[in-house]
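Chains as they are written, first to last, in my numbering: chain A, 4 to 128; chain B, 7 to 177.
These are calculated hints, taken from the structure and not from any lab test.
Ideal Cβ placement from N, Cα and C applies to all residues, glycine included.
Worth double-checking, as some hints may not be accurate.
To be verified - Pair ranges (Cβ atoms, derived): (1) 22(A) x 93(B): 20 to 30 Å; (2) 115(A) x 60(B): 51 to 61 Å; (3) 60(B) x 68(A): 27 to 37 Å; (4) 85(B) x 13(A): 25 to 35 Å; (5) 115(A) x 64(B): 33 to 43 Å; (6) 24(B) x 23(A): 11 to 21 Å; (7) 85(B) x 114(A): 55 to 65 Å; (8) 8(B) x 59(A): 40 to 50 Å.
Said to hold, decoys possible - For lysine to any residue, the following SDA-like pairs were computed, each having C-alpha atoms within a straight-line distance of at most 20 Å: (9) 172(B) x 126(B); (10) 95(B) x 146(B); (11) 172(B) x 110(B); (12) 117(A) x 70(A); (13) 172(B) x 15(A); (14) 172(B) x 9(A); (15) 172(B) x 161(B); (16) 117(A) x 107(A); (17) 172(B) x 13(A); (18) 117(A) x 62(A); (19) 117(A) x 74(A); (20) 172(B) x 10(A); (21) 172(B) x 62(A); (22) 172(B) x 12(A); (23) 172(B) x 7(A); (24) 172(B) x 14(A); (25) 117(A) x 35(A).
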Amino acid sequence: MSDDVEGLLEELVPRGAPTRLRSRVLDATANELRRPARLMNRLRAAVAAALLVGLGLNYVVSAHQDERLAQVIGPPPRPRAVTIVAETIAPFTDAETAEMLERQWCQAFWQHQKALLRSSGPYPM
Amino acid sequence: MNDLAQRLARGEPAAFGELYDCCGDRVHHYLTTFLGSRDAADEAMQDTFVRLVRSRDRLGSVENLVAYVFTVARNEALRGVERRARDNKRLEPLGAADLFYDADDPVRREQAEAVANGLQRLGDEQREVVELKIYGGLTFREIADVTGVPLQTAATRYRAALECLKEWFAR
Numbered sequence: 004m005s006d007d008v009e010g011l012l013e014e015l016v017p018r019g020a021p022t023r024l025r026s027r028v029l030d031a032t033a034n035e036l037r038r039p040a041r042l043m044n045r046l047r048a049a050v051a052a053a054l055l056v057g058l059g060l061n062y063v064v065s066a067h068q069d070e071r072l073a074q075v076i077g078p079p080p081r082p083r084a085v086t087i088v089a090e091t092i093a094p095f096t097d098a099e100t101a102e103m104l105e106r107q108w109c110q111a112f113w114q115h116q117k118a119l120l121r122s123s124g125p126y127p128m
Numbered sequence: 007m008n009d010l011a012q013r014l015a016r017g018e019p020a021a022f023g024e025l026y027d028c029c030g031d032r033v034h035h036y037l038t039t040f041l042g043s044r045d046a047a048d049e050a051m052q053d054t055f056v057r058l059v060r061s062r063d064r065l066g067s068v069e070n071l072v073a074y075v076f077t078v079a080r081n082e083a084l085r086g087v088e089r090r091a092r093d094n095k096r097l098e099p100l101g102a103a104d105l106f107y108d109a110d111d112p113v114r115r116e117q118a119e120a121v122a123n124g125l126q127r128l129g130d131e132q133r134e135v136v137e138l139k140i141y142g143g144l145t146f147r148e149i150a151d152v153t154g155v156p157l158q159t160a161a162t163r164y165r166a167a168l169e170c171l172k173e174w175f176a177r
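Can you make the complete structure from the sequences, with help from the hints?
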């Protein structure tokens, strides 16, 4: 009996798409075929350029961060222990030597601090 | 068909014309019953082909091109249904003239009316399976792939739909 129903359905001729639709669809298809290659290529190039610029900026910012910080908030503070040692040796040498040693010790001190921060990860406990 | 898929993937405009000639009418009929309107089916048909162009890189590796076109058309139809729900649009039920060519024979015309009414009375899922099987010419395997249901479910829905239609015609 289901075969009868199937037969009944199959006997009817289904209406197809309107004739004008073919050209409309194919025009839209042709337009789309012309468009995306340029658009997608531009999009890919823009994304690649943005990534490169981002990486470059990140490098520049990292490289000059210490200089910028020094310009904005002044040089890093001198540890008290270093200042005391410099003041202690100044009478035995001279002011210039004491200042030079103090500068070098400060630099070493802050480099050591940075190394400690880096080794402890982004969120030191 | 594999050659056509390769040409589609390369973006040859003539290949899209061949694809349209190969399954355009069947897909349009499916979209008409899915969306309940020939105008909406026209829109969805165009969107389907534009979508196929946009994803043409994938077409080269598609095993069953016709089933794939039906799948893309179905996705477009679902988007159309969502849009219509948002816009709160209501449609008139499809008549025999929307679905079948006019027959000179009055008996055949009556038959077409009965089938159109019967299809309207089926649930969406059952109507879809009948449409894909009888007028789309797809196998149960292909219907299962297009609708995303197991093969057995597709076959069961089809049989249940035929039973419903049988009861409807018997009245």
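Measure nothing beyond the straight line between the CA atoms of residue 172(B) and residue 12(A); if it is 20 Å or shorter, mark the hint as holding.
11 Å, holds
A range of 33 to 43 Å was offered for this pair. Does it hold for the Cβ distance of residue 115(A) and residue 64(B)?
56 Å, violated
With a cut-off of 20 Å on the C-alpha distance, tell me whether residue 172(B) and residue 110(B) pass.
25 Å, violated
Consistency of beta-carbon spacing, residue 23(A) to residue 24(B), with hint 11 to 21 Å
Given about 19 Å between the Cβ atoms, the range holds.
Given the hinted pair residue 172(B) and residue 7(A), is their Cα-Cα distance within 20 Å?
The hint holds at about 9 Å.
When you check the alpha-carbon spacing of residue 95(B) and residue 146(B), does it fall within 20 Å?
33 Å, violated
Assessment of proposed distance window 40 to 50 Å (beta carbons of residue 8(B), residue 59(A))
46 Å, holds
Starting from residue 172(B), check that the Cα of residue 10(A) is at most 20 Å away, please.
Holds, at about 12 Å.
If you draw a straight line from the CA of residue 117(A) to the CA of residue 62(A), is it 20 Å or shorter?
17 Å, holds
Has the given pair, residue 117(A) with residue 35(A), been kept, meaning a C-alpha gap of at most 20 Å?
55 Å, violated
Do the alpha carbons of residue 117(A) and residue 74(A) lie within 20 Å of each other, as the hint requires?
Holds: residue 117(A) and residue 74(A) sit about 19 Å apart, inside 20 Å.
Restraint check for residue 172(B) with residue 9(A), where alpha carbons must lie at most 20 Å apart:
10 Å, holds
Hint violations for this structure: numbers 3, 5, 10, 11, 21, 25, all remaining hints satisfied.
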